[in-house]
Amino acid sequence: MDKIWLVIQREYLSRVKKKSFLLATLLTPLIFPAIMAIFVWIAVEEKENQSLRIIEVVDENKLFFMESSQQYAFSFSHSSPEEAKLLVQNGDRYGFLYIPKIDLKNPQGITFYGEENPSMSLVSYLESSLKKKIEDQRLYDSGIDPQILSDIRTSVDLKSITLNQKGEEKVSDATVNYAIGFLAGILIYMFIFIYGNQIMQGVIEEKSSRIVEILVSSLKPFQLMMGKIVGIAGVGLTQLLIWIILIGTLTTVVTGILGLQMPQEQAMELAQADMIQTDNSEFTEILQVIAGIDFISIISSFIFYFLGGYLLYGALFAGIGSAVDAPSDAQQFMLPVTVPLIVAYMGLFVFVLQDPNSTTSFWLSIIPLTSPIAMMGRVSYGVPFWELGLSMLLLILGFLATTWLAGKIYRIGILMHGTKPSYKTLWKWIKSSN
Amino acid sequence: MLETLNLNKTYGLNRALTDINLKVPKGVIFGLLGPNGAGKSTLIRIINQIIDADSGEVLIDGQPLAPKHISLIGYLPEERGLYKKMKVWDQMLYFARLKGLSQQEAKERIHNWLAKMEMSTWKDKKIEDLSKGMAQKVQFISTIIHNPPLLILDEPFSGFDPVNAEIIKDQILELRNQGTTVILSTHRMESVELLCDQVAMINRSHKILDGTIKEVKNSYRPEVFRISIDQPTLPIPTEWAVQTDGESVHFTLPLSGKTPNELLIELMNYGQVSNFQEVIPSMEEIFIHQVKSTQNG
Chain A
-13 MDKIWLVIQR
-3 EYLSRVKKKS
7 FLLATLLTPL
17 IFPAIMAIFV
27 WIAVEEKENQ
37 SLRIIEVVDE
47 NKLFFMESSQ
57 QYAFSFSHSS
67 PEEAKLLVQN
77 GDRYGFLYIP
87 KIDLKNPQGI
97 TFYGEENPSM
107 SLVSYLESSL
117 KKKIEDQRLY
127 DSGIDPQILS
137 DIRTSVDLKS
147 ITLNQKGEEK
157 VSDATVNYAI
167 GFLAGILIYM
177 FIFIYGNQIM
187 QGVIEEKSSR
197 IVEILVSSLK
207 PFQLMMGKIV
217 GIAGVGLTQL
227 LIWIILIGTL
237 TTVVTGILGL
247 QMPQEQAMEL
257 AQADMIQTDN
267 SEFTEILQVI
277 AGIDFISIIS
287 SFIFYFLGGY
297 LLYGALFAGI
307 GSAVDAPSDA
317 QQFMLPVTVP
327 LIVAYMGLFV
337 FVLQDPNSTT
347 SFWLSIIPLT
357 SPIAMMGRVS
367 YGVPFWELGL
377 SMLLLILGFL
387 ATTWLAGKIY
397 RIGILMHGTK
407 PSYKTLWKWI
417 KSSN
Chain B
165 MLETLNLNKT
175 YGLNRALTDI
185 NLKVPKGVIF
195 GLLGPNGAGK
205 STLIRIINQI
215 IDADSGEVLI
225 DGQPLAPKHI
235 SLIGYLPEER
245 GLYKKMKVWD
255 QMLYFARLKG
265 LSQQEAKERI
275 HNWLAKMEMS
285 TWKDKKIEDL
295 SKGMAQKVQF
305 ISTIIHNPPL
315 LILDEPFSGF
325 DPVNAEIIKD
335 QILELRNQGT
345 TVILSTHRME
355 SVELLCDQVA
365 MINRSHKILD
375 GTIKEVKNSY
385 RPEVFRISID
395 QPTLPIPTEW
405 AVQTDGESVH
415 FTLPLSGKTP
425 NELLIELMNY
435 GQVSNFQEVI
445 PSMEEIFIHQ
455 VKSTQNG
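Protein chains in written order, with the working numbering: chain A, -13 to 420; chain B, 165 to 461.
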């Protein structure tokens, strides 16, 4: 045990002391707020620079009045459809909405002419305005006063609440859960690849420089392998920790600065949000959602899957490194490692984040090779306890299995030089008892 | 100190060791000789517990080889390996600690050894900045840092210039005189003759001879004498192929069934015998002869 500790220390210190580690660790978190700032800036710019688009309306019923929005203005000039089309062709108008004489019970023939394809948002805006107008008119025709109508009209905003077995209620929002699952999954994916490669490089270095011969005359190959894997895990955790602290601080600073630039009106809204219970502003909702997320369980399962996934794949990377003489030879054995990782990564986007409770999502988050990435996409939505337990148990078993497998390959591989092993020889090494 | 009993090892279809029996007494320098691929490295790896033998036993001080013996052995592999990016001091400390020395003791010993080898100024240099010979010295010190009673050196002189080879040779002799048992694997025969007390020769997985240097040489005497005669009074037979040097002649003669004295008496008839000396084969000649004869047979 003492000797594993020595190996862990060496692997850890020799990496953490490197200038490149310091550089990567300090610069990476700067990139996140920088990207965030750029997005915010672009969004603000876009809003300011948007020009008003004028849409000509020809209404042969003399019935419709379209309310102008921030982006679109409507002009009613009582011109003929031909004249209006010409306006669009000349570029004087963004578009032209033609409402022929219609039967209110079955409105047909309403047409939009534009120089370019209208955006989805414009089409749905027009449709809903027209629909509302027609409905109002029909209600009025059947004798209902518009004033009563507007009194009756109510706005409904669905609030989604998750109920756990203890009966605790939490406000939830799929967007926030999506973001958490997305970030956690990608982080684990990147970590496994970056640090798995470091393990492999380290093993190849020791093997090709023959240091390993001296080392294994002092300690067991398995101790050496585990020491390396654990030592490098420490490097990764250190980096993660520094990132969390740095990103946290920087994000607070950046949002603080942006917050100062927010219009007074909005700031007021935010300030009031806490006090007014019925306020349905998006921001309060998100605050409530964030408050409702069980961060302790998310962070603890993140750390578990982060380490579990890394250890499972790390052992495989060590095994591959031990079997080859140079990094370029490692390619042929990388496939069984990269394929499940990419399956997990793709699965996260295609299945898990779209529908966390589907059968595919379930299996992706249970099978140890894909679970570290896939389960993180589900955790923030809430996962039944037994599924989480099963997934974790299988991940531990999977890690023990890959370590056992890699240990067998490693023990023989690190002393083999000059031969390019095939899968067949690897299988022989695994089977051999000594 | 070390004994092997009927060691066998095969790699697939290749036999690396066949029934190897060796006895290495305490406090000697034991030369392990043999051409490349003979099985020396396999034997050394088995003793170092890097690999296991298929059958047979290794005894250290009469006990079967076990993990606890690791700290008794210092091993210098043929292919030297050091972490290129690590500093001399850190590297030595790491190896010393892996061999079971405490932090305190390891530091003291490294300090002493660096001073002894006049290397103290290099301790903060990275291995990649050292010359090959310097790195070899670092490796050598790392091997003996924990004062192992058994030292296994695989080609210890390769990569050293003559001056540094001499320093290493002196260190090996000093360690032997302090009671360390040294197993020296090499195919440089001149170092064998200078250093080794005993040798064993391995070829094609078999042990083909062993014993003290004297025993081995004695058993491979060709029974030929080198003779010089000053001012010969009788004509020397032409089949003796003499070389004339002023007034002396020099030639070699086999005993051909006679005792040395009988030969000498015969020679005295030809004049003043100024030199009469048995030709002793060098270890190199024995080595080449043995390897060739086992290959042919």
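These aren't lab readings, by the way, just hints derived from the structure by calculation.
All figures in this text were calculated on a predicted structure; none of them were measured in a lab.
Treat each hint with caution, since some may be false.
What the hints assert, rightly or not - Below 27 Å or equal to it, Euclidean Cα-Cα: the simulated BS3-like pairs (lysine-lysine) are:
(1) B/Lys378 - A/Lys5
(2) B/Lys456 - B/Lys378
(3) A/Lys206 - B/Lys249
(4) A/Lys3 - B/Lys248
(5) B/Lys290 - A/Lys(-11)
(6) A/Lys(-11) - B/Lys456
(7) B/Lys248 - A/Lys4
(8) B/Lys289 - A/Lys3
(9) A/Lys206 - A/Lys414
(10) A/Lys3 - B/Lys296
(11) B/Lys251 - A/Lys4
Said to hold, decoys possible - Just the calculated beta-carbon pair ranges, DEER-fashion:
(12) B/Asn382 - A/Pro313: 51 to 59 Å
(13) B/Tyr384 - A/Lys3: 53 to 61 Å
(14) B/His370 - A/Ser6: 20 to 28 Å
(15) B/Gly176 - A/Val2: 22 to 30 Å
(16) B/Thr416 - A/Ser418: 49 to 57 Å
(17) A/Ile230 - B/Gly176: 47 to 55 Å
(18) A/Tyr164 - B/Asp218: 40 to 48 Å
(19) A/Asp280 - B/Asp218: 55 to 63 Å
(20) A/Ala10 - B/Lys187: 54 to 62 Å
(21) A/Pro313 - B/Gly176: 42 to 50 Å
(22) B/Gln441 - A/Ser418: 50 to 58 Å
Stated by the list, open to error - Here are a few chain A residues that face chain B, going by a calculated C-beta distance under 7 Å:
(23) Arg(-4)
(24) Lys3
(25) Leu116
(26) Lys118
(27) Ser195
(28) Val202
Don't be surprised by glycine CBs; every beta carbon is placed ideally from N, CA and C.
Hints and how they fare:
no. : hint                            : verdict
1   : B/Lys378 - A/Lys5               : 59 Å, violated
2   : B/Lys456 - B/Lys378             : 21 Å, holds
3   : A/Lys206 - B/Lys249             : 23 Å, holds
4   : A/Lys3 - B/Lys248               : 15 Å, holds
5   : B/Lys290 - A/Lys(-11)           : 23 Å, holds
6   : A/Lys(-11) - B/Lys456           : 46 Å, violated
7   : B/Lys248 - A/Lys4               : 14 Å, holds
8   : B/Lys289 - A/Lys3               : 15 Å, holds
9   : A/Lys206 - A/Lys414             : 20 Å, holds
10  : A/Lys3 - B/Lys296               : 26 Å, holds
11  : B/Lys251 - A/Lys4               : 13 Å, holds
12  : B/Asn382 - A/Pro313: 51 to 59 Å : 54 Å, holds
13  : B/Tyr384 - A/Lys3: 53 to 61 Å   : 57 Å, holds
14  : B/His370 - A/Ser6: 20 to 28 Å   : 52 Å, violated
15  : B/Gly176 - A/Val2: 22 to 30 Å   : 42 Å, violated
16  : B/Thr416 - A/Ser418: 49 to 57 Å : 56 Å, holds
17  : A/Ile230 - B/Gly176: 47 to 55 Å : 51 Å, holds
18  : A/Tyr164 - B/Asp218: 40 to 48 Å : 59 Å, violated
19  : A/Asp280 - B/Asp218: 55 to 63 Å : 58 Å, holds
20  : A/Ala10 - B/Lys187: 54 to 62 Å  : 57 Å, holds
21  : A/Pro313 - B/Gly176: 42 to 50 Å : 27 Å, violated
22  : B/Gln441 - A/Ser418: 50 to 58 Å : 56 Å, holds
23  : Arg(-4)                         : 6 Å, holds
24  : Lys3                            : 10 Å, violated
25  : Leu116                          : 72 Å, violated
26  : Lys118                          : 72 Å, violated
27  : Ser195                          : 5 Å, holds
28  : Val202                          : 5 Å, holds
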